[in-house]
Amino acid sequence: MTISLKVNGKSQQVDADPSTPLLYVLRNDLGLHGSKFGCGLGQCGACMVHVDGKATFSCVLPIAAVGDREVTTLEGLLEDGKPNKLQQAFIDEAAAQCGYCISGMVMRAQVLLKEKPNPTDEEIRHHMRTNLCRCGTHAAIMRAIKRAAVA
Amino acid sequence: MNFRRVVYTVMTVCVVIALAGLAWIWRPAIAPIAANAKVVFDRKTINRGAELAVIGNCSDCHTKEGGPSYAGGRSLPTPFGTIYASNLTPDPDTGIGQWSEEAFRRAMHEGVDREGRQLYPAFPYDHFTNATNEDIRALYAYLMSLAPVRNTIPANELNFPFNYRPLVAGWKLLFLSRANLEPDASKSAEWNRGRYLVEGLGHCGSCHTPRNALGGERKDSAYAGGVADGWNAPPLNASLIAGHHWTVDQLAEYLSTGWHQQHGAAAGPMADVAKNLGQASKEEVHAIAIYIASLSPQGGGAPSTPAAVDAGNAANARPEIVAIYNGACAKCHNDRNTVGPSKALPLSLSTAVHQQEATNTVRVILNGIQSYRTDGGPYMPAFDGMFTDDQIAALAQYVRGRYSGQQPWTDVRAMIAKARREGAQP
Numbered sequence: 001m002t003i004s005l006k007v008n009g010k011s012q013q014v015d016a017d018p019s020t021p022l023l024y025v026l027r028n029d030l031g032l033h034g035s036k037f038g039c040g041l042g043q044c045g046a047c048m049v050h051v052d053g054k055a056t057f058s059c060v061l062p063i064a065a066v067g068d069r070e071v072t073t074l075e076g077l078l079e080d081g082k083p084n085k086l087q088q089a090f091i092d093e094a095a096a097q098c099g100y101c102i103s104g105m106v107m108r109a110q111v112l113l114k115e116k117p118n119p120t121d122e123e124i125r126h127h128m129r130t131n132l133c134r135c136g137t138h139a140a141i142m143r144a145i146k147r148a149a150v151a
Numbered sequence: 001m002n003f004r005r006v007v008y009t010v011m012t013v014c015v016v017i018a019l020a021g022l023a024w025i026w027r028p029a030i031a032p033i034a035a036n037a038k039v040v041f042d043r044k045t046i047n048r049g050a051e052l053a054v055i056g057n058c059s060d061c062h063t064k065e066g067g068p069s070y071a072g073g074r075s076l077p078t079p080f081g082t083i084y085a086s087n088l089t090p091d092p093d094t095g096i097g098q099w100s101e102e103a104f105r106r107a108m109h110e111g112v113d114r115e116g117r118q119l120y121p122a123f124p125y126d127h128f129t130n131a132t133n134e135d136i137r138a139l140y141a142y143l144m145s146l147a148p149v150r151n152t153i154p155a156n157e158l159n160f161p162f163n164y165r166p167l168v169a170g171w172k173l174l175f176l177s178r179a180n181l182e183p184d185a186s187k188s189a190e191w192n193r194g195r196y197l198v199e200g201l202g203h204c205g206s207c208h209t210p211r212n213a214l215g216g217e218r219k220d221s222a223y224a225g226g227v228a229d230g231w232n233a234p235p236l237n238a239s240l241i242a243g244h245h246w247t248v249d250q251l252a253e254y255l256s257t258g259w260h261q262q263h264g265a266a267a268g269p270m271a272d273v274a275k276n277l278g279q280a281s282k283e284e285v286h287a288i289a290i291y292i293a294s295l296s297p298q299g300g301g302a303p304s305t306p307a308a309v310d311a312g313n314a315a316n317a318r319p320e321i322v323a324i325y326n327g328a329c330a331k332c333h334n335d336r337n338t339v340g341p342s343k344a345l346p347l348s349l350s351t352a353v354h355q356q357e358a359t360n361t362v363r364v365i366l367n368g369i370q371s372y373r374t375d376g377g378p379y380m381p382a383f384d385g386m387f388t389d390d391q392i393a394a395l396a397q398y399v400r401g402r403y404s405g406q407q408p409w410t411d412v413r414a415m416i417a418k419a420r421r422e423g424a425q426p
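Top line first, the protein sequences correspond to chains A and B.
Its first residue numbered 1, the first sequence is counted upward by one per residue in the numbering used here.
Its first residue numbered 1, the second sequence is counted upward by one per residue in the numbering used here.
Be a bit skeptical, because a hint or two may be false.
To be verified - No more than 20 Å apart at the CA atoms, straight line, and that leaves these computed lysine to aspartate or glutamate pairs for DMTMM-like:
no.: 1; chain 1: A; residue 1: Lys54; chain 2: B; residue 2: Asp389
no.: 2; chain 1: B; residue 1: Lys64; chain 2: B; residue 2: Asp93
no.: 3; chain 1: B; residue 1: Lys64; chain 2: A; residue 2: Glu123
no.: 4; chain 1: B; residue 1: Lys64; chain 2: A; residue 2: Asp52
no.: 5; chain 1: A; residue 1: Lys6; chain 2: B; residue 2: Glu320
no.: 6; chain 1: A; residue 1: Lys82; chain 2: A; residue 2: Asp68
Derived from the structure by calculation, the hints contain no laboratory data.
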């Protein structure tokens with residue numbers, strides 16, 4: 001079945017079962033490998049993307065549910081082909097160890113900064129609790145978000 | 001002459017009644033304990049108080065999300081306005097640091113604070129009045145052993161006339177009375193223990209009993225189901241909502257772990273209750289389970305083996321909704337009679353899907369079930385923001401038809417809107 005999706009500002013046609021998780025289509029059909037497959041159950045946040053500006057687990061979001069809502073992935077945050085402020089802050093703080101969770105962390109944090117440009121530590125912790133990092137780089141992730149907030 | 005005498009008499013009677021009323025409402029302040037007074041209790045009493053505090057779920061209301069335990073400040077929305085829970089740490093200025101044991105006992109039994117002010121019954125003293133002095137002493141010992149936290153509590157935001165505290169005395173006249181908890185010799189000691197905990201500190205009826213227009217529990221409908229933080233607290237006097245009853249052991253497991261494989265996960269405010277009861281002794285939780293099971297005709301019987309049922313009413317569903325169910329929900333909620341990932345159950349076992357209102361199903365879809373355990377407890381992601389309100393409503397009706405076989409719900413969209421207003425956030 002052909003389904004239309006709006007991804008990173010572009011209209012895309014994909015041929016897939018409507019129950020297919022958005023993540024699979026992003027990675028396998030559209031070649032966007034920023035989002036990662038972690039648990040596949042909406043538990044870890046590695047797959048997080050924006051759907052109409054809201055942070056969303058793409059591994060449990062069937063493409064049938066997306067409709068004409070706008071999907072944004074890590075690649076879609078680039079500004080003129082360069083990392084945006086938050087992405088650059090993650091690079092500057094060397095927030096990645098293995099890096100697997102980082103795409104999801106950036107996508108999740110971006111939503112917070114849009115709503116609250118200067119969040120408190122407590123607000124950051126509360127907001128980011130849906131995303132897990134097995135390496136334990138949370139302190140660096142925290143610094144990166146704060147760096148982007150004040151930059 | 002006669003007329004004048006009548007007027008005087010009426011006026012005198014009125015004044016006497018008013019004075020008697022005031023005298024009846026008035027409670028003296030209880031002298032503060034000295035700032036340097038050391039309240040010392042033995043470790044055993046303090047530990048006992050700690051266990052009673054988890055049975056009473058005290059920390060749930062008296063801790064603001066992300067704030068220090070027992071330091072209060074959590075807002076409690078009521079039909080009469082918003083009340084802020086008090087600081088139970090022994091800070092002398094903002095907590096109970098100046099309270100003597102007698103002042104604490106009076107608050108628990110009579111709903112009056114140390115300074116003699118009437119306390120609102122959001123603080124469930126209509127149950128705590130059943131607690132023994134000895135247990136209240138242990139609770140006091142525990143709270144006074146906590147580190148004091150300076151936390152000034154915001155003033156309540158109650159609508160007129162409920163912001164006038166002396167009115168609470170009238171409420172008490174109607175709804176505050178000690179339950180007759182004389183041991184029932186025809187029942188086991190454990191049942192009697194369970195009754196004491198459930199009717200007293202456990203205050204289960206605060207959520208699971210419907211309330212009247214004045215906010216009093218309707219004793220004629222005890223445990224017939226109520227409301228808690230916008231969630232429907234299911235009836236405890238009829239255990240067949242989802243077609244299979246609770247045994248004592250199942251209840252005990254559910255209460256102490258927040259999950260049972262035939263009944264699912266504690267969600268909403270019940271998750272906090274289970275989190276707390278998980279720290280109580282097995283004996284106390286088992287006694288609670290015995291009493292709760294005895295409230296329903298089928299409770300406590302032999303275990304049944306519920307089968308996952310697909311009532312089939314899915315043929316009319318929109319293909320988009322079936323695809324969403326298969327892609328998002330069925331990963332965990334399978335149609336076989338097995339527990340899926342994240343401890344998800346077949347939805348035909350779900351109480352929420354069988355309840356008369358869509359409230360709990362909608363709230364679970366929006367909020368998910370947040371895991372508090374580190375040993376792989378139940379978990380569900382929050383689908384707020386992932387699906388549109390229209391999709392959530394259709395999905396709720398789909399699982400209702402397919403897994404309960406009952407009539408569709410009404411007002412699902414309104415319940416989604418209400419849940420969102422009340423802050424459905426992952």
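Taking the hints in turn, this is what the structure says about them:
{"no.": "1", "hint": "A:Lys54 x B:Asp389", "verdict": "holds, 14 Å"}
{"no.": "2", "hint": "B:Lys64 x B:Asp93", "verdict": "holds, 18 Å"}
{"no.": "3", "hint": "B:Lys64 x A:Glu123", "verdict": "holds, 14 Å"}
{"no.": "4", "hint": "B:Lys64 x A:Asp52", "verdict": "violated, 31 Å"}
{"no.": "5", "hint": "A:Lys6 x B:Glu320", "verdict": "holds, 18 Å"}
{"no.": "6", "hint": "A:Lys82 x A:Asp68", "verdict": "violated, 27 Å"}
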